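Student: Following the hints, position chain P against chain X.
Each chain is listed here by its residues.
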Amino acid sequence: MQVTLTEPGIAGDYEVVENDGGRLVLERKLEPSSGELHERHGTRGLTDDEFEQAFGDLSREPGE
Amino acid sequence: MADIRGGARFTIAFDDDLWRQEVERFAPHARGRIAAEAARRVLERDGVGKDGLAACEAQGPDGTRLGGWVKLRIPLARPASEAPYGFVLEPVLDERGRLALRLVAFGERHPREGTRSVYERAHNRRHGAWPTRS
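Residue numbers (this note's numbering), protein chains in the order written: chain X, 6 to 69; chain P, 99 to 232.
Same shape as in the complex, but just chain X (with noise of 0.2 Å):
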């Protein structure tokens, strides 16, 4: 669930991570999103072909 908090200082949307019997525990959106950098600056993600084509032999670091 988002919340929207208007108090100056700590306005912005947050999410509630934790509702502990109606003590809610907030934490604010993170902006800008991925998406919305793409619609900044021109550009797009990769399809999964192209990421293998390009980073196909990079290592894997599992449990990071």
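Just to be clear, a hint being listed does not mean it is correct.
Derived Cβ-Cβ restraints for the label pairs, each shown as a range [to be verified]:
1) X:V22 - P:P126: 42 to 48 Å
2) P:A136 - X:T11: 22 to 28 Å
3) X:G17 - P:A128: 19 to 25 Å
4) X:G14 - P:A175: 26 to 32 Å
5) P:A181 - X:G17: 28 to 34 Å
6) X:L29 - P:D149: 44 to 50 Å
7) P:E180 - X:G61: 27 to 33 Å
8) P:R143 - X:E23: 40 to 46 Å
9) P:R196 - X:V8: 39 to 45 Å
10) X:L29 - P:A156: 28 to 34 Å
Some chain X residues well away from chain P (every beta-carbon gap over 10 Å; in silico) [what the hints assert, rightly or not]:
11) V8
12) T9
13) L10
14) T11
15) E12
16) P13
17) G14
18) I15
19) G26
20) G27
21) R28
22) L29
23) P37
24) T48
25) D62
What the hints contain is simulated information worked out from the structure, not anything from laboratory work.
Only a predicted model underlies this, so the values are computations on that prediction, with no experimental measurement involved.
Note that beta-carbon positions come from the ideal geometry of N, C-alpha and C, so glycine has one too.
Tutor: Positioned in the frame of chain X, the structure of chain P alone reads:
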């Protein structure tokens, strides 16, 4: 499909708003911020080769889903035990089909309880919500 095999090194793109949120949330003399700023200077000058990159996991143990993105340890060129921070980067293509890597998140790779990792921050940038452990 675009030909995106690219050269030996990749350009890194930095968005100003994102940099302020991810890096400048740390105090000016904090180790993490100093390391990120030093890394940016090197990356803007030299780019990065594949030997410095690793692929993010499609499904991480922390619930993150970052398949198709890559990561870079910070400080640069240090072994994992000496590089507590990381950049998560999204490979992007511009309108001319040029391939670059764009910074999406910066932070601690394995923070103490209660602090979001760089991978969780990247997940949020991508999916619009914090990851949920399965």
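Student: Could you run down the list of hints and mark each one as holding or not?
Tutor: Hint by hint, here is what the structure shows:
no.	hint	in the structure
1	X:V22 - P:P126: 42 to 48 Å	violated (29 Å)
2	P:A136 - X:T11: 22 to 28 Å	violated (39 Å)
3	X:G17 - P:A128: 19 to 25 Å	holds (23 Å)
4	X:G14 - P:A175: 26 to 32 Å	violated (40 Å)
5	P:A181 - X:G17: 28 to 34 Å	holds (32 Å)
6	X:L29 - P:D149: 44 to 50 Å	holds (45 Å)
7	P:E180 - X:G61: 27 to 33 Å	holds (28 Å)
8	P:R143 - X:E23: 40 to 46 Å	holds (43 Å)
9	P:R196 - X:V8: 39 to 45 Å	holds (40 Å)
10	X:L29 - P:A156: 28 to 34 Å	holds (31 Å)
11	V8	holds (13 Å)
12	T9	holds (15 Å)
13	L10	holds (17 Å)
14	T11	holds (20 Å)
15	E12	holds (20 Å)
16	P13	holds (19 Å)
17	G14	holds (16 Å)
18	I15	holds (15 Å)
19	G26	holds (20 Å)
20	G27	holds (20 Å)
21	R28	holds (16 Å)
22	L29	holds (14 Å)
23	P37	violated (6 Å)
24	T48	violated (4 Å)
25	D62	violated (7 Å)
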